[in-house]
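Q: So you can see what is in the structure, the chains are spelled out below.
Number of protein chains: 4
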Amino acid sequence: MLDFSSDYTRPGHPLLVDAIAKNQGTQFLPYGTDAVSSRAKARIREACRAPKAGVHFLLGGTQVNQLAIDALLRSFEGVIAADTGHISAHEAGAIEHGGHKVLTIPHKNGKLTADAVAAYCEAFYADGNHTHMVFPGMVYLSQPTEYGTLYFREELRALRRVCDRYSLRLYVDGARLAYALGAAENDVSLADLASVCDAFSIGGTKCGALFGEALVVPDPALTPQLFTVIKQHGALLAKGALLGLQFDALFAGALYLSIGKRAVALASLIRRTLTDKGYRQPLVSETNQIFLTLPDEQLEALQQQVRVSFWEKADAGHTVVRIATDWATTQDDVDALLALF
Amino acid sequence: MLDFSSDYTRPGHPLLVDAIAKNQGTQFLPYGTDAVSSRAKARIREACRAPKAGVHFLLGGTQVNQLAIDALLRSFEGVIAADTGHISAHEAGAIEHGGHKVLTIPHKNGKLTADAVAAYCEAFYADGNHTHMVFPGMVYLSQPTEYGTLYFREELRALRRVCDRYSLRLYVDGARLAYALGAAENDVSLADLASVCDAFSIGGTKCGALFGEALVVPDPALTPQLFTVIKQHGALLAKGALLGLQFDALFAGALYLSIGKRAVALASLIRRTLTDKGYRQPLVSETNQIFLTLPDEQLEALQQQVRVSFWEKADAGHTVVRIATDWATTQDDVDALLALF
Amino acid sequence: MLDFSSDYTRPGHPLLVDAIAKNQGTQFLPYGTDAVSSRAKARIREACRAPKAGVHFLLGGTQVNQLAIDALLRSFEGVIAADTGHISAHEAGAIEHGGHKVLTIPHKNGKLTADAVAAYCEAFYADGNHTHMVFPGMVYLSQPTEYGTLYFREELRALRRVCDRYSLRLYVDGARLAYALGAAENDVSLADLASVCDAFSIGGTKCGALFGEALVVPDPALTPQLFTVIKQHGALLAKGALLGLQFDALFAGALYLSIGKRAVALASLIRRTLTDKGYRQPLVSETNQIFLTLPDEQLEALQQQVRVSFWEKADAGHTVVRIATDWATTQDDVDALLALF
Amino acid sequence: MLDFSSDYTRPGHPLLVDAIAKNQGTQFLPYGTDAVSSRAKARIREACRAPKAGVHFLLGGTQVNQLAIDALLRSFEGVIAADTGHISAHEAGAIEHGGHKVLTIPHKNGKLTADAVAAYCEAFYADGNHTHMVFPGMVYLSQPTEYGTLYFREELRALRRVCDRYSLRLYVDGARLAYALGAAENDVSLADLASVCDAFSIGGTKCGALFGEALVVPDPALTPQLFTVIKQHGALLAKGALLGLQFDALFAGALYLSIGKRAVALASLIRRTLTDKGYRQPLVSETNQIFLTLPDEQLEALQQQVRVSFWEKADAGHTVVRIATDWATTQDDVDALLALF
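Residue numbers (our numbering), protein chains in the order written: chain A, 383 to 723; chain B, 383 to 723; chain C, 383 to 723; chain D, 383 to 723.
Derived from the structure by calculation, the hints contain no laboratory data. Worth double-checking, as some hints may not be accurate.
Note: identical chains are not told apart, hence a pair may lie in one copy or across any two.
[To be verified] Calculated cross-link-like contacts (lysine-lysine; reagent style DSS-like; alpha-carbon spacing at most 30 Å):
#1 Lys643 to Lys434
#2 Lys490 to Lys404
#3 Lys659 to Lys404
#4 Lys490 to Lys434
#5 Lys404 to Lys695
#6 Lys643 to Lys490
#7 Lys695 to Lys434
#8 Lys434 to Lys659
#9 Lys695 to Lys490
#10 Lys643 to Lys404
#11 Lys659 to Lys490
#12 Lys643 to Lys659
#13 Lys695 to Lys659
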């Protein structure tokens, strides 16, 4: 059966699986101290034009968010996020487990605006009782957002200026970053992220890797002893070379970018075709996700032939579903999918 | 160069790497809800003769210890461990990060005795101030221990009786469990563990897997909503099938056991030969680790040709080192190693 | 200067101060194990008609909320509260510091409705991703609310039925409980609270005591070793008799109730008079707090003669202020206040 | 019955009780923002010759330790303490509840030596695995110690030098500080503490106050937003003036010091007399506590006439007990006590 339910259904991109398989019996130094991991980190620093950046390989998206937030916040600080942010709703309280409140702001197409963040902070400091409240200490956003939309360079710079004004750190969750980098509309490079963020993640799991996220901290003085913090979080992989091998393959050439481009191109084709056929797309995504409102009967029939994701109920008789492409989606898959509409 | 430094230097056993590589492009349901993971869990339940057990796949040793301890303890309880226990010294405070104190007891050959635990608890409850202290809530031990020694069935049963008397949960860290199961002296089966423990782990990372530990909870009512707790800890793997594929391969037949047997047999050969050659072995390990006291000059020369682990300084002129075999160590490797002595 | 800014400006009711002063040199057993504390607890059990209840004396409102929530929730659970709830906004993240998320629901006059809680829980369990989210584990409400409004007996019973349906604990923050008990409209007795709640607090600090809140847990099996948890929270008072002496005085006769009645009667007089004079009261409080919208110039003039609390800006030219009476407010004070309008 | 069981049996010194009683109906600004609290803080700064110090009034000993340690440590750091330290054994895991490991070192007469701390740190940084371990981040000690012994100025300076060498903060728990300041042998002033410590507490609860500890942070930049952290810990007293009134009375003149001197003088008399009578005192205390080894039968008879504290069993037939004097002990009490021996 066709499966467009998500971008993390398949173990991994063949080049990454091969990198591991070829080295199946090679002996590496443990905990990421091996030479391949060092090389992979160097490649990422170069791609980000951030020669001093700390680069840390972690295992999954919630883990990297939880760790970065714990490492960058002080105990009396919380993190500002869109009410739709992954950390707000879908991480089972991982941030609160670390002791920090998620301070939610209404989103616009999944995005936070610099104005909304500034307004939040202004109101906070104007409140005579603010020392009885959680201080805003960070802005969390994701690129692309939960809704598949993109921040543009000027938007990030405006957010950075607000962060500077109110002593906030800026963290970007890049769980699906390849699909932002690969989007036609995108104008935010890795180097841009490194220049505006205090930390950001480069997602592997949803972008071709078996697992793994790279946490980039352009100024590593912000996160002293992060290796130990990672260990303390239960997040240190004994065989760290498994992460090094994968990120080395992703960043040796342009693989990471090309994975994104390919998936977005196919998603765009699906989007255009469905628009042409008159289907309603409630969210204007620009990346590898398509959101579609369908009558419930049509959805039921469709699900006999393709797996898609439930997103939310639109009304009594309609449902919003999500369709995702990934690095392995083929033109044939897309043709077969579109033939069902 | 020869490398006997640890049992987690190589990415993984060929059969496990193949299981992943063959399925590189297969689409699986996420978060361990796929059919292969279900089958792997069923195999583990069967191997443990624990048909109702909760089986949860996690990523690493510290993570599984931290999670099990958090899930099984109440806020006012701590965990009793040998002062040499991994959680006492080498997990960067992961247990305290979860809010629990590690209550240490001196070890005997790396082991806790039932008498020592009973004495601790008796003294605790006899202390008029004990409600101002951390209640013992669990016994943590590892099989094999940090020193490569083994608990025998009667020792575990005696510990269980003490646990019952003082309302303690019993948790066994099986990071290297294959090497216990594969030891000639061992009389503790997986089913024995399931019958005496409230929870235990079956280590993959150090026993042939790329990564992964199976947490077994014979009575799952003890750990409600553990899936959500795992997510909250940042410990949920999106592509859970990667763990399912590996544990399915390990437990489809006798692979897990045979990995242990083979490594222990070679370790025993090394141990015997070195003993015959008159080398001092300060710790009487029975599993895949050999501990050896060497004059510092000899060690320095040795390290030009083989990588071994520093364990501790014995005295001003001598050092204890650790030699470990694993699933991939060959007779040739062993011969080459022994030729150096 | 007149001061109607809050109900915690004065050290304490004369009878309570006297109870301490008279015993200034008496020697008591420590940590609340003394006879006076035992007698005070017995009086509270009797007043609540809860003969088996656990009664624990704590020091302040945030502390008792944080402790009760930590003690009653499991790690994967959060607490449902009105978005205006004290724990949501004004406790500096004390609940998240304990690892729990506050799950907010919009309020009606400061209150949560049973329907809103039921709808939240129904949506939660209907969500296919709910195991990736924080489970609702408790309903938090305050009696009276932040807005000075009251829950009625039938409303609490309806909330209890929802709690039973969804396995939620019900906790009532009674920081100002005397003023609820003393309100003309109130139909909720201490015994009613003990019959519907899993835990509730009886506030001392804002109701005549120097400091102190009594936490009542009708079924103490819900909170094992709570004494130790209190110690672990840094919340155990060495000289516990100071709390015992005060609660003994409050509950020896009807002092607690009469304190509330007196303050509410004067507040009602202020409310009625200001209404008669045409002042706008945006919140319909029934207890010891009056909320008043004033033109900014009038407020500025007023503040030369009486201290009131800023509540919020109503619009560009108007401000909402809070006026509070307490156990020490006199008819003369009220006359002097009303003469200013 | 005579009661020498501890120094926290009586509500409080008459001058402090009077300070509160006289102001029973005075209206104060809340949360310690009142003028009396400000004055009390100024007096403490002056007594410590630390004009810029942050001074924060808290409620109890465990609370102030937990708060100071949380505020001064980073997540990957633990606190070095004597194995007999209060935080090690008798705070119910309050430090671990805040996420930090207590790193214990054997004591000498209840004291840590600079050499022992230096040796711990040297061994830590020499350990090749130290990044997998909890970093030492602070030295905790108490003045006087649990055993009633004293640190001398040169000892504290030596500890400070070790702290500087290894980037440790130095925190002194002064729960019984008045009895150190009042000891004949003492050469450590408040100003000395302010010059060597990153933070220290001035205990009220055991030194004449009803309750209350002053936390002094000579360089307040070390603890940003500590007011909010206090609130988050549930440790902020609404009626902060109650603490201000007491510390104002203690530090307006020499009351704090004289309370200590008087109690120590009587304790010294008891010590000398018992020594002369041939009683064994296993711990050489210099402050307000006397430790005495008694045959069990004699102890049983004694306890019919005076309350003393159980300390520990010495051997099968002997017990160590503690006798404590306080600000209210009279010469008559002492004569009556000594008549029993």
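Q: List in ascending order the numbers of the hints, as given earlier, that are violated by the structure.
A: 2, 3, 4, 5, 7, 8
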